[in-house]
Every structure is written in C-alpha cells, then in structure tokens.
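Taken in order, these protein sequences are the chains called R and A.
Residue numbers for the first sequence follow my numbering, so the first one is 22 and each next one is one higher.
Residue numbers for the second sequence follow my numbering, so the first one is 20 and each next one is one higher.
It should be emphasised that the hints constitute simulated quantities derived from the structure, not laboratory data.
Computed from a predicted model, the values in this text were never measured in an experiment.
It is possible that part of the hints are untrue.
Said to hold, decoys possible - Computed spacing ranges between beta-carbons, pair by pair:
hint	chain 1	residue 1	chain 2	residue 2	range
1	R	Lys260	A	Thr228	31 to 41 angstroms
2	A	Leu118	R	Ile109	32 to 42 angstroms
3	A	Pro29	R	Ala217	25 to 35 angstroms
4	A	Asp339	R	Arg142	49 to 59 angstroms
5	A	Gly143	R	Ile109	12 to 22 angstroms
6	A	Ala125	R	Arg142	27 to 37 angstroms
7	A	Asp339	R	Asp46	33 to 43 angstroms
C-beta atoms are modelled at their ideal positions from N, C-alpha and C, and glycine is treated no differently.
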Amino acid sequence: MTEAVLQLKGLQKAFGALVVTDKVDLDLHPGECHALIGPNGAGKSTLIHQVSGLLQPDAGRIAFEGRDVTGQKQHERAVAGLGRSFQITSILPDFTVLENVALAAQMRAGSSMRFFRRADREEALNAAAMTALDRIGLAPRAAAMAGALSYGEKRMLELAIAIAGKPRALLLDEPMAGMGRAESESLTDTLLELKATYPMLLIEHDMEAVFRLADRVSVLVAGAIVATGTPDEVRADPKARAAYLGEDHAEGAA
Amino acid sequence: MTDQAHMQAPVAATPRAPLIVASVIFAALALIPVLAEAWGGAWLTSLAVRAMILAIVAISLDLLMGQGGMVSFGHSAFVAIGAYACGIMITEGVYEMALILPVAIAAAGLFALISGAICLRTSGVSFIMITLAFGQMIYFALGSLAQYGADDGLTLWSGPDFLGTSWLGSDMGVYVTVFAVLLATWALVHRITGARFGRVLRAARQNPTRVASMGYSVFRYRLTAYVIAGVIAAIAGVLWATHAAFISPSLGAWQRSGDLIVMVVLGGMATRNGALLGALFFILIEETLSSITHDWRLIFGPLLVLIALYARGGLVGLLDRVRGPR
C-alpha cells in the first residue's frame, strides 16, 4: 500500500481520570476519505484537535507526510499542510466573506509581516479567495459580512477557508452539523468534488453523507477505535452497529 | 456557477467621512499657533502640544487595544521610558536628538519585546494585570534613580538639539515637530492596520484559534504589534520631555495608563480617528473642568458614564449617528 499521508500511532489523551483517546491507531491514504464515526462523547473532536494541534496528546505519535508533527504547534501544522474546519463554526465575523478567505490564502503568499500595502487591494489574494469561494459555491456572497451569513453559509465559509490555505489534507469536523437535508446533500456533492484534490479525515453524524463520501470508516467508542473497514464492512460489523443502535442491540448481537 | 467563476472580487471602497473629520482636526491643530499668536496665549499652544503628544500615545494604544484586542494597562510605562531616555542623556551631556531618539526607541523596543513576550502568554484579565505589573515595575524603577531626581523628577535645564540646530528650542519648532509626528503616527498606524500584518492582527482579535489554524503564529503578530506600539509611545515620551523640560516617574504611573484607555474608548476603539478625537477631547474636558473646580473628576466621571451608556462606539460612533444612516 502507498505511504499514508497522515498516521496516528498509539495516540493517548485523558482529561483527569476520563480517557478521551485510547491508544488510537489511524491512517489516511492519498486520495482517500476516511470517516470517523461514533456516538456523542466518543472523543471524535478531541481526536481531530490533537491532529490539528489545538490539543496535545499525552502519548503517541502523529506523522504527516512521513514527518513527525507531534511536537508542532497548531500554526506550524497548518503551514505543513493540515487544513481543518471546526464543528462549532469558527470564522471571523467582522470581516467580509472575501477577507476571511483571502486571509487564509495570504498564508501561502509570502510573508505576512508587511506593514504598508493595503491587503484588501491585493488582487492575487482576492483572486485566490474567489477561486476557493467559487469551488464551494459561496462566491455570490463574497462581499457580505461573515457574521451576517446564514448558518449554512457559515458552514460553507468554514470549508472555503480550509481549502484557501492550500492544504495537503483536510480535517473536517462535522461539516454538515446542524444543516438541513437539502443543504447537507449539496455540501456532500461539494465534498465529493474536493475529495479528488484533498485526502480527508471526516467526522460526520449524517450517515448518508458518510456512506457516499467515505472510502473507509472507523468507529470510535469511548475513545477507542472498535472497527475499521469499508463502509459495507462497517455497516455489517456488530460492534459498529452496537455503537449506533444502542447497547441493547450490542448484547443481542454479541 | 459558470458566471461566478469569472466573478471579480468585490473591492471595498474607502469611506470618505473619516478623512473629512481628520482633515478638520488637523486643520484646527495647524491653526492653533496662529490663533495663539493673535490672542497672545502661550498656554493654548502648550495645551495643544500636550494633547497632541497624548494623541500619539492613544493612537499607538488603539493598535493594541482596538485592533489587536490587547488591553494594556501599562502603556504609559513606554512614555516614561522615552522621556527618561531623553532626560538622562541630556543630563549626561548628550543633546543631539539624532542620538537620543534611537536610544529611546531601542530601550522601549527591548522592554516591549521582553515584557510583551511574557505578557502575551496570557490573555483577558490576566493580560491586563500583568501589563499593569510591568508598568508599575518601570514606575518604581524610575523612582529609585537617585542621581536622576528619584521620585521628585528631573528638570532639563537645556533642551535637545536637532541635527545641530536649536529647532527644538523654540515653541514653534516643538509645535511643528509634534504636529508632524502626530500626523505621521495617525497615517502609519492606519497603513499598518490595513496591511497584511494588520489583517492578521485584526483577525486574531476576533478568533485567535481560527487564525492559528490558518497557519499564523498569533503570538508573533501580537508581540510585533506590542513592540510597535511601545516604540511609538516612547517617541511621544521623548517629545514630552522636550516640551515640558521636566520629567518624573509619574509619567509612567498606572493612572496615566488608565487615562489612555479612557481616551481610546471615549473616542471609539478600532476606528480611524477614535483615539485621536478621544485624546483631544479628554484634554479639552480636563482643562475646562479643572479651571472651574478643583474636583473636576467628580463631573468628568459621570460624563464618562453617560458616554459609555449613550454613545456606543465613542465619539466616532456619535458622529456617525449624527450624520445619520446612509
């Protein structure tokens, strides 16, 4: 098999006595969408936070494109190419949509320690931002204030920011969270297109989206991965079913 | 979708109103020496010089507070560092501004770099408290300089030279210089705010986690802003020493830092003219009220409360509302 883009080895994290990440091994291959599913409180977001550098693991190793990034800070990992979206919408509300995305593009366009030229007039940055917005389908809203967007549009902006930073892999934390059915479906279409460019580690509760997008699915329960496989394999896995259908079924299935 | 592919990025227009307001302010400041000449009141130019120097400091503080979201309660320490760099060098026989200014800048820059690196490990209330602590440290350190007047302060018997000339020895020379530095600071801070650096800084005020996840070291940008603001304040301190010919540790006292915060909030944070207006207004009110009563703060206090309650966005916000919605 080809070398993994992202590889987690024996990742461990506890908040006091509560183990939130329990010896997690996980990898992401080039061109792949690897979905991480599991019940609420299973530690999915905590895992993504450790990969993106927002949280430090207690033990274990994270390798990105063959390089150990475990000791790197959040911004260093982003520079290395780990782009992410947040479960709870995390945008810059006082900036326009365009400026949100242009700022992400600015990171790849030379030094940001520039003090004189107006950044909002830099055509290269604005053009890069428009390309990203267009890919997500948010270009018509470029001039709007980000804080004034609808909920669904904010979710799309999250994604536009993530891809404008020219990532080499995407960490998507419930991109569909709180979206209506139609919005959710159209976003899944967008993600299917993006999948061709970016390997993705995807957390999602919307099973329809997961089964459309994912090449592999891992099931996280109480911080530990209980099953990994193709969507069909996981669908048939008793432990995975238990996680989603409830403990009673688990006993019956086991 | 195909139409949007060729969609041009919308370019934000530069609003005119702030430029008009600024033009009026600077024109008025430029006219003051002329008026003072006519009325024969040196106190008016002196008052205006003080107000302009404080405006320089307030503008630099707004870069931290308004744009960067860093409420520094120790900003006057940098003014004191600049003033003492000037005072000490003159006392030691170095009169040339071309030597004094770089020393003041270096001293303030170094102190900003070290104290900022520590302060910026924290945020929110902790940041306020730790900047206050550093400010007080400077205040007490200056008060212990026995050979430079300690708590009583230091009188400068002779002013600095400017490139070998006595330009800074005349009231007019000082006025023009302070005016020019204020204009330059006002323009420069606006440029910085709008440039790439300022955009990262403004974004980090709104959402530091997002900015970090975009690949920016928030700490680095904030520290750079802290150093820039500190250096500007120190330049103002040099001007203060030049103008007043007397310096004391109280320049760096925490009450002064508090006044600066009031000026910025009063004028309107993170606006083009807010800090400038706030500082000028503050001095004007202080001067007017203190000429009426010794207990002027009894009136000033409630006035601030009223402004905080009814003029959200400070004086600039008030001006915007007077102009009405467009």
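Hint-by-hint comparison with the structure:
Taken as a hint, the range 31 to 41 angstroms holds for the pair Lys260(R) and Thr228(A), whose Cβ atoms sit roughly 34 angstroms apart. Restraint check, Leu118(A) to Ile109(R): a C-beta distance of roughly 54 angstroms breaks the suggested window 32 to 42 angstroms. Roughly 29 angstroms separates the CB atoms of Pro29(A) and Ala217(R), a value that falls within the hinted 25 to 35 angstroms. Range check, Asp339(A) to Arg142(R): about 24 angstroms between beta-carbon atoms, so the 49 to 59 angstroms window is missed.
Taken as a hint, the range 12 to 22 angstroms holds for the pair Gly143(A) and Ile109(R), whose Cβ atoms sit roughly 20 angstroms apart. Look at Ala125(A) against Arg142(R): about 34 angstroms separates their beta carbons, and that is inside 27 to 37 angstroms. In this structure, Asp339(A) and Asp46(R) break the distance hint of 33 to 43 angstroms, their C-beta atoms being roughly 57 angstroms apart.
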